[in-house]
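Asks: One letter stands for each residue in the lines below.
Protein chains: 2
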Amino acid sequence: MQQAHTGARTGDRIAFDPLVELLTAILVRHGANRHVAGIIARNCAMCERDGCTSHGIFRMAGYVSSLDCGWVDGTAVPVIEDAAPAYCRVDAKNGFAQPALELARKTAVEKARHTGLAAIAIRGSHHLSALWPDVEPFAGDGLIAFSVVNSFRCTVPHGGDSPLFGTNPVAFAVPRQGEEPLVFDMATSAIPNGDVQIAARAGQQLPGGVAVDANGAPTTDPDAVLNGGALLTFGGHKGSALSMMVELLAAGLTGGHFSHEFDWSGHDGAQTPHTGQFVLLIDPQHAGGRPFGDRVETLIKDMRFAGVQRLPADRRYRNRRRAEQQGIHIGVEERARLDALLEG
Amino acid sequence: MQQAHTGARTGDRIAFDPLVELLTAILVRHGANRHVAGIIARNCAMCERDGCTSHGIFRMAGYVSSLDCGWVDGTAVPVIEDAAPAYCRVDAKNGFAQPALELARKTAVEKARHTGLAAIAIRGSHHLSALWPDVEPFAGDGLIAFSVVNSFRCTVPHGGDSPLFGTNPVAFAVPRQGEEPLVFDMATSAIPNGDVQIAARAGQQLPGGVAVDANGAPTTDPDAVLNGGALLTFGGHKGSALSMMVELLAAGLTGGHFSHEFDWSGHDGAQTPHTGQFVLLIDPQHAGGRPFGDRVETLIKDMRFAGVQRLPADRRYRNRRRAEQQGIHIGVEERARLDALLEG
Numbered sequence: 008m009q010q011a012h013t014g015a016r017t018g019d020r021i022a023f024d025p026l027v028e029l030l031t032a033i034l035v036r037h038g039a040n041r042h043v044a045g046i047i048a049r050n051c052a053m054c055e056r057d058g059c060t061s062h063g064i065f066r067m068a069g070y071v072s073s074l075d076c077g078w079v080d081g082t083a084v085p086v087i088e089d090a091a092p093a094y095c096r097v098d099a100k101n102g103f104a105q106p107a108l109e110l111a112r113k114t115a116v117e118k119a120r121h122t123g124l125a126a127i128a129i130r131g132s133h134h135l136s137a138l139w140p141d142v143e144p145f146a147g148d149g150l151i152a153f154s155v156v157n158s159f160r161c162t163v164p165h166g167g168d169s170p171l172f173g174t175n176p177v178a179f180a181v182p183r184q185g186e187e188p189l190v191f192d193m194a195t196s197a198i199p200n201g202d203v204q205i206a207a208r209a210g211q212q213l214p215g216g217v218a219v220d221a222n223g224a225p226t227t228d229p230d231a232v233l234n235g236g237a238l239l240t241f242g243g244h245k246g247s248a249l250s251m252m253v254e255l256l257a258a259g260l261t262g263g264h265f266s267h268e269f270d271w272s273g274h275d276g277a278q279t280p281h282t283g284q285f286v287l288l289i290d291p292q293h294a295g296g297r298p299f300g301d302r303v304e305t306l307i308k309d310m311r312f313a314g315v316q317r318l319p320a321d322r323r324y325r326n327r328r329r330a331e332q333q334g335i336h337i338g339v340e341e342r343a344r345l346d347a348l349l350e351g
Numbered sequence: 008m009q010q011a012h013t014g015a016r017t018g019d020r021i022a023f024d025p026l027v028e029l030l031t032a033i034l035v036r037h038g039a040n041r042h043v044a045g046i047i048a049r050n051c052a053m054c055e056r057d058g059c060t061s062h063g064i065f066r067m068a069g070y071v072s073s074l075d076c077g078w079v080d081g082t083a084v085p086v087i088e089d090a091a092p093a094y095c096r097v098d099a100k101n102g103f104a105q106p107a108l109e110l111a112r113k114t115a116v117e118k119a120r121h122t123g124l125a126a127i128a129i130r131g132s133h134h135l136s137a138l139w140p141d142v143e144p145f146a147g148d149g150l151i152a153f154s155v156v157n158s159f160r161c162t163v164p165h166g167g168d169s170p171l172f173g174t175n176p177v178a179f180a181v182p183r184q185g186e187e188p189l190v191f192d193m194a195t196s197a198i199p200n201g202d203v204q205i206a207a208r209a210g211q212q213l214p215g216g217v218a219v220d221a222n223g224a225p226t227t228d229p230d231a232v233l234n235g236g237a238l239l240t241f242g243g244h245k246g247s248a249l250s251m252m253v254e255l256l257a258a259g260l261t262g263g264h265f266s267h268e269f270d271w272s273g274h275d276g277a278q279t280p281h282t283g284q285f286v287l288l289i290d291p292q293h294a295g296g297r298p299f300g301d302r303v304e305t306l307i308k309d310m311r312f313a314g315v316q317r318l319p320a321d322r323r324y325r326n327r328r329r330a331e332q333q334g335i336h337i338g339v340e341e342r343a344r345l346d347a348l349l350e351g
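Chains as they are written, first to last, in the numbering used here: chain A, 8 to 351; chain B, 8 to 351.
Hints were generated in silico from the structure; no laboratory data involved. Honestly, I wouldn't trust all of these hints.
[Said to hold, decoys possible] Computed footprint of chain A on chain B, listed as stretches where at least three residues anywhere in the stretch have a Cβ under 8 Å from a Cβ of chain A: (1) 154-168; (2) 255-264.
[As the list claims (entries may be wrong)] Not close to chain B: a few residues of chain A, all C-beta gaps over 10 Å, as computed: (3) Glu28; (4) His165; (5) Thr226.
From a predicted model like this one, the values you see are computed outputs, not experimental measurements. The beta-carbon is built from N, C-alpha and C at its ideal position, and this holds for glycine as well.
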């Protein structure tokens, strides 16, 4: 199995497909079946490729330790339930969320094209990645996609005194004419957890006003946040209300766990939140009137006229194009960590 | 017509129904038909009753001047189009958004119960009120409701140098067991426009970091905002991304105007934004598993345990109960303004 990506080992840049192969091999080595491993590896490689490093190969250790300790089932076979003309549910069966979403993709797209809307309600799922890889492909198919996923207890609700919510991101994607989709993906916590972990590893401080320590006092020390501290919501009570909405849709509605409900204390190494995910699709073909694609271009043109230099996702697409030309940079230490995961 | 609410003129408190009658009479006096006037009057009285004063009787002058100058059609008959099993469109025909939503209510609720979801896409509509009155009744019917409405060019996109977006609120409501729905309604601008107008009238300063003057410099002077200045989005780039989402759903998808597209310069007195509105309904009966209502109560209980004293909408419900017992307080000056609108 190691032979398959020997070619990728020369230098510090690796092409996308060999990286997916390497990550797939690591996940298979740690108990995932080839189908599941391939989906997670591709997702992870996409994040690395697009410069979304907090959800790229940095996460592989967490995937591996979660598999090793039996917290997440890398061989789970998700089950889809066709609940109503515009609504399907998926029980991920304690597996990853992405294969559950993949299972529902075709059914949901057909529902959206027929009824105008579709919901995919995923429960019993583990999601450790960014959310934009889940919505962007639907926009590539001409649909509007909105998704929320809850995570693990690490964020204090506005007005509260202890953590309850997860980082609880919201992602949204719309198709564009002849361009990559317009996509945003934002944590409703003031910063994402991945940034705290990366700052801790790099020995850097956090910005002010985003986190508290174990005593509830404001802190900029990432280690203080990771050791019993917590994040705050972005934008005060407004971000907190959105985070609550994420809990209600991703868990309350799907049948998954709220971010504070699951107990991974008995699984040393567990890092994948065991919660739920909600995806909404809208087919703009039913909108009538002027084509939606024209309207998106009008708004973007006028945003640029109002001085907006960079759209959400612009940086990811720029990184993507560079990676397609030059390969994906993997540092020597990162590469050594991946090799260790492949052996160990 | 004035006789009908003579009883309400004693003292400075008025019951809900007489207030609705008074406001209806004012709107009819200025050209709305009785059906439209009744819906807007009731909406406006609900805001006043619940202590949402920036959208209460304070707005009557704006409704009246917009009718008087022919900017909004108070006799418009909205037209509903049944576009797909989960999707309906309403052309408000240059009338108010609330009668258009009322027209679609029954159809949309039936769609949601059957397909699991429903969209109401309203275009050619004028919305000058809060958004919670639009979503709360759906939650009262056991549905989850989400709505966005765009407004008028007054908010600078993050990274931009001039206003483009509206205040662009997002509202969300879920049913509760034996309690009033859990509802939030938030501007994606750092503060709502109504608060700027109220601060200007009261001679008060705005908080820092929410607005800029006509030169793009930070200001706390509400008059500087109203005279060529602009609002900022809440939470920086995140609030801005949400505001962009509101434009894309409420206008781009519905066929309404973006906040910066309509020109009311030829209509002196025009105050009602001529845009669109998007409403999404989800029927949690299709969720399967544990009843959604139980899950909502669990989350609320645990939020209280995490120290959250006040839920979104708690203050509105408290004001509502007080108004039901004691009537709605109307100051002498406010009453004089209403009486002048009724006469003039």
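Asks: Output the indices of the hints that this structure fails to meet, ascending.
Replies: 4
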